[in-house]
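So the protein sequences, as listed, match chains A and B. Here the working numbering is used: the first residue of the first sequence is 1, the next is one more, and so on. Here the working numbering is used: the first residue of the second sequence is 1, the next is one more, and so on.
You may find that some hints are simply not true.
Here chain A is said to cover these stretches of chain B; the calculated rule only asks that three of the stretch's residues, wherever they fall, bring their Cβ under 8 angstroms from a Cβ of chain A [unchecked claim]:
id, segment
1, 28-38
2, 250-262
A partial selection of chain A residues facing chain B, derived with a Cβ cut-off under 7 angstroms [unchecked claim]:
id, residue
3, GLY49
4, LEU54
5, VAL55
6, HIS56
7, THR74
8, LEU77
9, LEU84
10, ALA88
11, VAL90
12, LEU101
13, ARG104
14, LEU105
15, LEU193
Derived DEER-like restraints, expressed as beta-carbon distance ranges [claimed, not checked]:
id, chain 1, residue 1, chain 2, residue 2, range
16, B, ILE254, A, ASP218, 54 to 64 angstroms
17, B, TRP20, A, ASP218, 51 to 61 angstroms
18, A, GLY41, B, LEU258, 29 to 39 angstroms
FYI, nobody ran anything at the bench for these hints, they're computed from the structure. Computed from a predicted structure; not experimentally measured. Even glycine gets a Cβ: it sits at the ideal position worked out from N, Cα and C.
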Amino acid sequence: MSNIVLETKNLTKTFGAAKAVDSVNITAYEGEVFGFLGPNGAGKTTTLGMTLGLVHPTSGEARVLGQRVTPDRTAALKNVGALLGAPAFVPYLSARKNVELVSRLTPGVNGKRIAEVLELVGLGKVGRKRVSCFSTGMKQRVGLAMALVHRPRFVILDEPTSGLDPAGMREIRQLLRSLAEHGTSVLLSSHLLNEVQQICDRIAIINHGRIVAQGRVDELLNGQKPGVRVTVSDVESAVRALEALANVSVQTNGSSLTISGADSQTVMNHLLQNHIIPTEVAVQKNDLEALFMNVTSAK
Amino acid sequence: MFFRLLSIEWTRLTRRTVLWLTLAASLYYVWAAVENYYRLTSVKLLDGTEKMPGLAFDLANGLDGLYPFLMPFVVIMAALVFGNDYSQRTNRHWLMHASRSNSLLTKFILLTGATALVQALAVVTAGITGWHYKTQVFHFALAEFLNVNWEATLAAVGYMTLVLTPYIALTALIAVLTRSAFASVVIGLGYTQFIEIVFTSIAYGENWTRWALRNLGFSATYLLNSIGNRVVEPPPHVFSPTSAFVVAGVYAAIFLSLAVWLYRRQDIGG
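Only chain B is shown next, with the shape it has when bound in the complex (with noise of 0.2 angstroms):
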């Protein structure tokens, strides 16, 4: 039954104008990022000889201005997957041959795989709007697939996606909770857009404010940071990479199986 609810699910949001604008958008944005790199940046060593960043910049360059770009897109696309349940009513449809747990697990683990597709595709065109402007635009000469640690980049595709899921499982916790598509797009670019910034900002104040760091927005940015190896020096008392990594798991752990208890004992119809 799960992988007939999965293959439901994947029609639904395959036909979805929200999942084509959200790879659209991702696409040109990192092309548009990678390009305007190029543009403005020209690296030139002390004997006046000009360099050009290798293809591993330009894929983990693509990669880390996505996130924060593909968050809200997530956001709406998680909504519109969990609420149009109950606004088009077809919960009932796969609620009398299914478990509700498998209906919303089938439909997080699209969200979570269509996040991964967007951001995999997103490195891939990073690469290439790269290559292009080396070889096409600057006429550089550049051979340089084995220079690039292919098991990193797609790990580092695996994290992005990982930090995304708390979000994925937020938006299904808002659904479940109001019912509504239009809800759940609000409160959860609320929460992400503006509560989580409140958060951070209060987090750096005093000692009692620091639970506050413990939000999903901090605790991913902290973790990608990690795994870039560009990590600010962290406030001591934050989490190392590893826990961070475990947070990320874990909020979207806490959020899913809430969502699953809620919607298990709903009623549903009438």
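Only chain A is shown next, with the shape it has when bound in the complex (with noise of 0.2 angstroms):
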């Protein structure tokens, strides 16, 4: 196994009495693009907060390339690059300028460095406008920038495609794609999973504040029992006669019912003779969307 770049052991925060990240364990490992879902709300953003030692933990600890963020986090982050939620920058200076302001916070980064990695995000060519003069996804690519200017071994980022138009997102996928390749390692935290299953070697998916699932993405694909989705106006009675089926598990969200551990055919078989028909059928596929919905609906 490659050598551990993000490590959480318990991880906990609570505002007041609610717990916003509860006892979260999760490692990510060099050289890998590491996937970070979870639904609006679940305490992504306040993990990844309490990773780069802007938000204090209320118990349990993150290591980061081997080194406590807590209490040395300068230490610790020394070799690490992050945008975390929308991007920061100086809204009147350009966005050369606005790297080579973040680069001035570590040793050894020259314009020639600064002008590759705008080249890199795709902004080469209009380095020396004003950033506050920019779209959404132009602001963007200016956070992943400065996220890079200096050659971190770990890139921690939230949301890097929002507001990209889809060239520009498969853009930014492959240039993650390639930095894993070099050596860099990735946490990409995203609500596009359909992305995340694309570039992500490992994801761990987070919900209410715990984390629910944490693995190779391939092999949590393939561990998922396959699902049949069901919309029925009675669901009481639905539920009450799949559940009477070995081996078979129902959840359900509103008049929509997920049963896993019984195929298609056996399903409508079974509610047929019960009296039940169903107003829609669907065999769920086995990606990661599947797997999101049912580790994230699941009480």
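Dock chain one against chain two, each of which comes alone in its own frame, and use the hints as you go.
As structure tokens, this is what we get:
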């Protein structure tokens, strides 16, 4: 196994009585693209904030590149680049000046590297323009350039393709993949499950502040039981009928039922035998979206 | 890291309109104040000869008038420097590589330096304006550089800067508390332009209100008055010049320490 670039141990954050992050344990390895997923408000950004020393954990600890973030944040994050939430920049300065300002924090970055990183994120021709004149997608690229300018060993990116057009998204996906191939580890937090499935080696899914799934993408998908989704008018009767089947689990979401452990024909036959006629039947694909919905809709 | 942060903050500050606006307004104000003095005032001796004050007077005159004028600009500048780090979310860049106290202290030092620079340039402007009116407009031959106590002039700039530092520190504290440049401007100006004046007025009343004399504005004014040797008869219980000098430093230290203490405990991001 490669070296660990990020490890959290029972990382917890409470705000008053509310537990935003509850005993989170995640591990990301060198040279991989690690996906960090979760619904809105699940605790993704708070967890990332704690790994970057911006949010103080209530308990637990985070180690980045082998060093504890608390108490010596600056030593642990020396070789880390980050884009957390919306990009942070000085609006009245040019893209180039913004990248240059951030580069002053780490020694060894020269003008050539700044030009190179601007070119890398597709801002080579507009580097001298004020960031306040940029579109959302271009601002996102400035944020990426700021995260990458000092050649970090580990990059933490929260929704890096937000605001980009499809071509731009693809470009950034290729960039992230190429970074990982050249040895830079990437933690990618995204809502775009298709994007995550395409470029991530491993993922963790957080829901209500807790990690509900973690592992290699292919292993997690293969480990999924085939599922069938049906929509019925009488939910209670349908659940009762389906639960009589052996090895079947049923999850409800309004009038929609997700059934695992039986194929579509068995489900249909059983429902019809019980005089329940579904209005809609769909076989769930074995993809990240299905996995995400399964683990995040479970009570 | 301290000097790297300082260079970043220097670039950010010098690219801001507010710094150049403060400088331009201050210099114009000083020029206008000195010009106004010479246009309206002429000193005639008993034998009928006309006299003009010396360069030292121009320098002191410019600096003295600048203090109340400069204060709101300093508050606005400080509010933008400290508060915009939250609104532009840029603090997350610096805080990944530098300590929180360093980040706050560099801003404070930079603003103090900028305040001193504006005042030093204002003093020079006052001198040039006075020289221009005396030699070019009124045709007085004056060569009086040697008559100026330059050490005292520099010290006066230093004192003036010192009495403004509690306001910079107070604005830093407000910005950290509210996480907003706008709120810092409003509360900072509200305090300096309204509450402080009310405090000082109350303090001249009954005995129980005397605590209010320890407010920032009164301490600063008293300090400046004592430096300029123009002290109106002070109430006996009020600070001596030395303690007033200390008070400005203590106020600044308390506000700044509180701001740093809060900033170190604050969750940023999300």
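Looking at the structure, which of the earlier hints fail to hold?
1, 2 and 15
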